[in-house]
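Undergrad: Sequence:
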Amino acid sequence: MGIIAFLVIGLVAGLIARAIMPGNQSMGLIATTLLGIAGSFVGGFVGSLFSRDGRVFDLHPTGLLFSVLGALVVLFLVGLAGRGRRVHV
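Each step along the sequence shown adds one to the number in the UniProt record's numbering, with nothing skipped, and position 56 is 56.
All the given hints hold, so there is nothing to weed out.
Distance ranges between label pairs, derived from CB positions:
#, residue 1, residue 2, range
1, Ser26, Val73, 16 to 24 angstroms
2, Leu80, Ala19, 15 to 23 angstroms
3, Leu77, Ala19, 17 to 25 angstroms
4, Gly28, Phe6, 14 to 22 angstroms
5, Val46, Ala5, 14 to 22 angstroms
6, Ile4, Leu65, 15 to 23 angstroms
7, Ala31, Leu65, 18 to 26 angstroms
8, Asn24, Gly2, 28 to 36 angstroms
9, Phe50, Asn24, 32 to 40 angstroms
Calculated directly from the structure, the hints in this document are not laboratory data.
Ideal Cβ placement from N, Cα and C applies to all residues, glycine included.
Construct the complete structure from the given sequences, taking the supplied hints into account.
TA: Next comes the structure, spelled out in structure tokens:
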């Protein structure tokens, strides 16, 4: 897969995940793309758990569905980590 296609799929997966996840995620275009790319790797890891070849730790980008699901997981975990640092004024 070319690097441009990888970036475009990461951007699309990040945008879809941000649209599905409720709440305000204040991140720009680059952070959204990185979210989708991280989600692609998380989705690839989860997808490899169900594959028959048994290679769990091979990181590889996966399809858009698992990329979005992985991005949702990453976005949820980032939201959990950010809750403790909010400053109420």
